[in-house]
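J.: Residue-level listing of the chains:
There are 2 protein chains.
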Amino acid sequence: MSYRYQDLERWLLQGIEQQRWQPGERLPSIRELCRQKQLSKATVMHALQRLEALGLIAVRPKSGYFVLPPPAPVEAAATPPAIRPPRPVTVSDVLLDIMQRSAAFDLLPMPDTDERPRALVTLNRCIGRALRRQKGSDHQYYDEPAGSLALREQLVVHALKRGWHAAPERLCITSGCQHALFLALMACCQPGDVVAVESPGFYGVLQLLQQLGLKGVEVPAAGQGMDMDALDAVLQRWPVKACIVSPAFATPGGALMPIEARKRLMALADRHDLALIEDDIYADTAFMEIPDPLKALDTENRVILCSSFSKSLSRDLRLGWVSGARWHDRILQLKLVTQLASSRYLQQGVADFMADGSYAGHLRSQRTRLRQQRDQLLQVLNAWPVECQISRPEGGLAVWLELPLQIDTLALYHRAREQGVIITPGPLFSMTGQYRHCLRMSFAHPWNERRLQALQQLGVLLAP
Amino acid sequence: MSYRYQDLERWLLQGIEQQRWQPGERLPSIRELCRQKQLSKATVMHALQRLEALGLIAVRPKSGYFVLPPPAPVEAAATPPAIRPPRPVTVSDVLLDIMQRSAAFDLLPMPDTDERPRALVTLNRCIGRALRRQKGSDHQYYDEPAGSLALREQLVVHALKRGWHAAPERLCITSGCQHALFLALMACCQPGDVVAVESPGFYGVLQLLQQLGLKGVEVPAAGQGMDMDALDAVLQRWPVKACIVSPAFATPGGALMPIEARKRLMALADRHDLALIEDDIYADTAFMEIPDPLKALDTENRVILCSSFSKSLSRDLRLGWVSGARWHDRILQLKLVTQLASSRYLQQGVADFMADGSYAGHLRSQRTRLRQQRDQLLQVLNAWPVECQISRPEGGLAVWLELPLQIDTLALYHRAREQGVIITPGPLFSMTGQYRHCLRMSFAHPWNERRLQALQQLGVLLAP
Chain H
1 MSYRYQDLER
11 WLLQGIEQQR
21 WQPGERLPSI
31 RELCRQKQLS
41 KATVMHALQR
51 LEALGLIAVR
61 PKSGYFVLPP
71 PAPVEAAATP
81 PAIRPPRPVT
91 VSDVLLDIMQ
101 RSAAFDLLPM
111 PDTDERPRAL
121 VTLNRCIGRA
131 LRRQKGSDHQ
141 YYDEPAGSLA
151 LREQLVVHAL
161 KRGWHAAPER
171 LCITSGCQHA
181 LFLALMACCQ
191 PGDVVAVESP
201 GFYGVLQLLQ
211 QLGLKGVEVP
221 AAGQGMDMDA
231 LDAVLQRWPV
241 KACIVSPAFA
251 TPGGALMPIE
261 ARKRLMALAD
271 RHDLALIEDD
281 IYADTAFMEI
291 PDPLKALDTE
301 NRVILCSSFS
311 KSLSRDLRLG
321 WVSGARWHDR
331 ILQLKLVTQL
341 ASSRYLQQGV
351 ADFMADGSYA
361 GHLRSQRTRL
371 RQQRDQLLQV
381 LNAWPVECQI
391 SRPEGGLAVW
401 LELPLQIDTL
411 ALYHRAREQG
421 VIITPGPLFS
431 MTGQYRHCLR
441 MSFAHPWNER
451 RLQALQQLGV
461 LLAP
Chain B
1 MSYRYQDLER
11 WLLQGIEQQR
21 WQPGERLPSI
31 RELCRQKQLS
41 KATVMHALQR
51 LEALGLIAVR
61 PKSGYFVLPP
71 PAPVEAAATP
81 PAIRPPRPVT
91 VSDVLLDIMQ
101 RSAAFDLLPM
111 PDTDERPRAL
121 VTLNRCIGRA
131 LRRQKGSDHQ
141 YYDEPAGSLA
151 LREQLVVHAL
161 KRGWHAAPER
171 LCITSGCQHA
181 LFLALMACCQ
191 PGDVVAVESP
201 GFYGVLQLLQ
211 QLGLKGVEVP
221 AAGQGMDMDA
231 LDAVLQRWPV
241 KACIVSPAFA
251 TPGGALMPIE
261 ARKRLMALAD
271 RHDLALIEDD
281 IYADTAFMEI
291 PDPLKALDTE
301 NRVILCSSFS
311 KSLSRDLRLG
321 WVSGARWHDR
331 ILQLKLVTQL
341 ASSRYLQQGV
351 ADFMADGSYA
361 GHLRSQRTRL
371 RQQRDQLLQV
381 LNAWPVECQI
391 SRPEGGLAVW
401 LELPLQIDTL
411 ALYHRAREQG
421 VIITPGPLFS
431 MTGQYRHCLR
441 MSFAHPWNER
451 RLQALQQLGV
461 LLAP
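Note that the protein sequences, when read in sequence, are chains H and B. Sequential numbering of the first sequence, starting at 1, is according to full-length UniProt numbering. Sequential numbering of the second sequence, starting at 1, is according to full-length UniProt numbering.
No lab work stands behind these hints: they were computed from the structure. Zero decoy hints are in this set.
With a cut-off of at most 35 Å between alpha-carbon atoms, the simulated DSBU-like pairs for lysine-lysine come out as follows:
1. H/K263 x H/K37
2. B/K241 x B/K263
3. H/K135 x B/K161
4. H/K241 x H/K263
5. B/K263 x B/K41
6. B/K135 x H/K161
7. B/K241 x B/K41
8. B/K135 x H/K135
9. B/K241 x H/K241
10. H/K37 x H/K241
11. H/K62 x H/K37
Produce the entire structure from the sequences given, and follow the hints as far as they go.
T.: What follows is the structure in structure tokens.
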């Protein structure tokens, strides 16, 4: 089955690919297309807008639609990026090196404070107590593969505040969100399958695709999260098996996906029988209310929610979780096979920390701190002697900067490193080398005089 | 290149497969074969002995060699098991269920002691101290993918006592031995590849093969570990990519592979360019000196050593390690992708525990305890009112029982569970349903009156 606008879209696409219309050339007008193809104006407009979303054509007011040139490897990144066909993911060694360093979100010289957030002291006390309460031969037993029931129950209570009626028996504890994403992809995909990802998007996901032999197709994402028009077009062109989205404060830009887009995503997933993998790791950093997860809309049991405490509490806990929807059993088996079990004393300690309200209290005080840190960062960036577009997220730990096209942030990375400053260059967030003129900047750490100064110097490096 | 005995072997094999000689029929005599094929007696004998090792023929004194019937699914398990061609591994749901329960090595009612080994108290104190020593924004950073250098250095010191000159930069910390095995197999194999495993052997390995889409071929293993004649035959017949062995106290039987067999294994691996995956998890439970690892003989950089603290110290630590040989870089990437990092405070705590000699002291006192527990177990088993063959390992945590053929330990599993006793039935240790008349029994836990009684009752259940 196909719609009339799809037939037109396909016909136009073919024409562009076969250069019936050259780059720069005008397409037939809407009126001509209506007459020639016997279609309504709305149908023609719909097809044209979809090609526009794909970055293949552009509208010039009062002149019509023009064919865009195919993007050159670097410089063309300013034009809306064309969607490239699915491809095996390869991450260059340079990028891998940067990824490994940047995994620490290690933007600038480390803050020199020795003070720990009070919640962390409480957390460690809870873990220490759980350790001391072990007895007899507790150390001779593995935990069950799904993880501690006490912790899963606390996660369910936390999820309820966000409109998600989770069930402990449908959750599986993991060694962090990356482990959860790994299990999710292994459970719902085979090597060679096509997976749609956000662009710019999380580099850990790109590495996962590479290691699992999956093909990736990048769907543009910006201030509203993944672009649903673009995803729609992608789904019609290629046999996409799964789609990974971060509806809440996606890295690098921190977008929060609006409810309309979420509903459309669910409808698209139903129509194309997609597995939706929801990376929820930034949700608990929300400056206002914690947004509902996509999972709360999941009537067809197709949203695999992945998350962890790494962004909201501690990266050193190595505790995450996955709600595997229809792939739950397979995920449990994979968890068993990849690491047998998680640590019980640790899970018990974190469950205790949640049960006495410490986690909720920590999130409340953290959100004020994070918002201040974001504002301080934006203040310095806005004063940089260079024109740039900066995202202004309401959660997450970073902003996304689009700098003038001629700036190469990969080159900047090395120059900044020589000055002891670590930045995260744009190309890390794409498998097609896009975003060379972009940067992710973190506000995860408190600012001090030295760090703010380094930030200002970075701006000087960039000045024309 | 092939040897003359190989040609004869292949010719005989074909004859058996094409039923030129029926099951039960006598093969041509040694003298006839010498004449017919123009071969020396030694060459003919060698070929016949290899077919015997494969379980295809049997010798009857003064009568010659006879073709064995192909093994029936269950009852034939008593005859030396024929080696079956490589096959995709499937583990039935019943077995999966048992595996998940037995992963706890949960043989019998739990010991009722509340006392913890002193070393465990010390270990927890070390971990607690490492937790308290975290400061500033430590919790906001991930550990490096290879894991804590302090812990890797301690592992190197420990390895030196065993003739293995490890290097910290060639080690990678994992979430346990299962995680290490998973990374090792993912690094050196592709889906569809053939992997040789011990039979009976560790069920976690069979599950790994299944989940990674690898084919398994079972190589008989007994009192001396994996049978090198059988492995040799397997390597000549099938394109084996990797071989997983546990030279030190392999589960279920606890065999310690003699040095001659180890050398032959290294030579075979060189000849066939195998990846050798050494499961070293039981080595530190040795009752006498801790045996050298196979890795100490590895001149060709092809032995991937996998281990953890789960059997020697605590199953709840979830800390293991892998020395990846020529696959080290790929393993590091896979570690990064599967879980980013390990917990630093935990690794630091364990490193401190090792550095002050507590780990070595723990092993010394544990070995005495384990030997006593083994002896107590053997004493009860030897008094069982049923004939059985029992292994007598010098390390590890379990013995292997071969019971009379008519006993079905899978059925026994369910009857024993009704009485609150959990046993580990033989078929878990094979992908071909063998060993229905066998059992693994653990001596990991201290015995008491109640547990010894349960053990005696189990014997009564078995009596004819």
